[in-house]
Amino acid sequence: MTPLLELKGLHVGIPARRKTFEIVSDVSFSIMPGEAFGLVGESGSGKSLTALSLIRLLKSPLKVTAGEILFKGDDLRGLSDRAMRKLRGERIAMIFQEPMTALNPLKTVGRQIAEMFVLHQGKSWAEALKMAVDALADVKVPAPEERVRAYPFQMSGGMRQRVMIAIALACDPDLLIADEPTTALDVTVQDEVLKLIAELCSARGTAVLLISHDLGVIANMCQRVGVMYSGRLVEERDTYDVFADPQHPYTKGLLGALPRLGSRHGAAGRQRLVDIDSLITDKSSLLEKFYFEPRHAVRDPRLRAGGPP
Amino acid sequence: MKDSVANPILDIRDLHVHFPVGGQFLSRSKRTLHAVSGVNLALAEGECLSIVGESGCGKSTTALAVMGLQEPTSGEILFEGNSIIGENAPDRMARARIAQMVFQDPYASLNPRQTVYRSLAAPLRLHGTSAKSEIEDRVADILKKVDLRPEHATRFPHEFSGGQRQRIGIARALILDPRILMLDEPVSALDVSVRAQIINLLLDLQEDMSLSFVMISHDLGVVEHMSDRVAVMYFGQIVELGPWNAIFANPTHPYTRKLIATIPDPDTVLHPDRAVAVGKYVAPPAGYRFHPQSVNRPDVYAAPEASQLVEIGPGHVVRCQPD
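So the sequence lines, in the order shown, correspond to chains U and R.
Residues 1 to 309 in my numbering are what the first sequence spells out, letter by letter.
Residues 310 to 632 in my numbering are what the second sequence spells out, letter by letter.
Check each hint, because a few of them may be wrong.
[Stated by the list, open to error] Subject to a maximum C-alpha distance of 27 Å in a straight line, what follows is the list of computed BS3-like cross-link-like pairs (lysine-lysine):
hint : chain 1 : residue 1 : chain 2 : residue 2
1    : U       : Lys195    : R       : Lys567
2    : U       : Lys140    : R       : Lys441
3    : U       : Lys195    : R       : Lys441
4    : U       : Lys195    : U       : Lys123
5    : U       : Lys86     : U       : Lys72
6    : U       : Lys107    : U       : Lys72
7    : U       : Lys107    : U       : Lys8
8    : U       : Lys252    : U       : Lys8
9    : R       : Lys441    : R       : Lys453
10   : U       : Lys140    : R       : Lys567
11   : U       : Lys59     : U       : Lys72
12   : U       : Lys63     : U       : Lys107
No lab work stands behind these hints, which were simulated from the structure alone.
Bear in mind the structure is a predicted one, so any value in this text is a computation, not a measurement.
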């Protein structure tokens, strides 16, 4: 089976006069149709930029400087802006962390969902608004006939994120990119929203690229996971393997730094967590085998020159 | 029911905090929001007591009442047996040496126009330390305690990373040598690796300085890792309270069970059986029932239904309704 999405040696950076400041280096992975793939990493590891570069939403001066982005075998980098706009929303959809900033505060949620049917499927507004009611019912918003006329500010965070999901899945995309979709939500609401995404996507055969800093969320949602550190993909394997037997020292450190449920049972006293930065002691031996170096010292030329300007 | 702790350093008794809502100019419909309804909590010296619950459950209001930043509607708060609210309360200067707070967002809680040194020295001066050399020594000392360097004192908050700022927030809270630290979501704004460092620091400080912690958090992984006892709050009431191992090994109230069952934890991938065990129904003690059996959202504008905390294990109580 050919992968739905294939990334080959993706580089993202800021081109400057003499050299390019690289932010994402040599990231390659693939997502099969219907598969849920997770990208996990800390802030600044490049996971969001990787996702944004897929659908050409990088803001200037950031640019994809090298690599191939194959979607169903076609290189997305060669696509015209017009073709890309058609693809976005229709074949690849994205949901963001903060639904309040992603939704238009001046339009009813029904109108914002209906817009998808009007723009991408050529429906009339009357028809599209009827479809929006069904779309809201699909994401389990109670009383969809009334809520379709609500404005985003009249809804709770969990409900707004459901509306975002309804918009994203309106045109039955092949791939859903979810960038920290539940970080702003309470634990119990987070659970409901994640279950909803998993349920809808597996029912429709939509592949998911889930980006999160939360290893727990990734573990529960994804079949495969890529761990990003300092702009590179340092480990990419089946989820079970990553958690049962992490290979890269950073992944090991990340799991050790996580206060995990049940880790204190049977232990005497309160244990200390792993300090990832202190793991980088013997640099040379680690560098030979793995890419693992202090995250800012090497990559940020300003810091190397001695402090921020 | 009073929280049974021998010689508590802090004792919260039947705390109620109500807010009038909607009573604006010319509007008649004034309602009362019951933010905290009858909370009894005691903090033993040197322990870490965590309060968990969803946003809006009253956990921060409880902390603010202890800090004197929120006037309670009724109830008592005792520090070492003496009331710290109401008429005979000590003044703000004395209160500042009892309890200090560490906030979630360290950048918002530091003055951006003051150097770290000025932020740390101001409370010392206000509390009567006037010798410059002594102030300098104590600032350097406290920075060392939170693993920062003395030369960091001359910098401004924006020059630090999130983790370093939280260290400064902790240093600011500790500079007056308080007995109690109120930690309001101390690590939820931080990345995994930095979070681990701050958790380790807090545990070290607690042991070195014999501090007592009240921690507010919604991250149950952190709570399990740090706490001696855990109180679960739901709509202004404590629904379950007990030693950390009892709460996590034997969660009983439907809300606690729901909370624990919904934590995204990587170990559920490795041990799928555990999530199932938490999902199982546990019957309340004989003669009692749980009110929100299916965890419905109660009305915050009405006083909660009569209920009581029933002991189901040593120090482990759960809120039930008499049948």
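Cross-check of the supplied hints:
no.	hint	result
1	Lys195/U with Lys567/R	14 Å, holds
2	Lys140/U with Lys441/R	64 Å, violated
3	Lys195/U with Lys441/R	59 Å, violated
4	Lys195/U with Lys123/U	30 Å, violated
5	Lys86/U with Lys72/U	15 Å, holds
6	Lys107/U with Lys72/U	34 Å, violated
7	Lys107/U with Lys8/U	39 Å, violated
8	Lys252/U with Lys8/U	26 Å, holds
9	Lys441/R with Lys453/R	18 Å, holds
10	Lys140/U with Lys567/R	20 Å, holds
11	Lys59/U with Lys72/U	25 Å, holds
12	Lys63/U with Lys107/U	32 Å, violated
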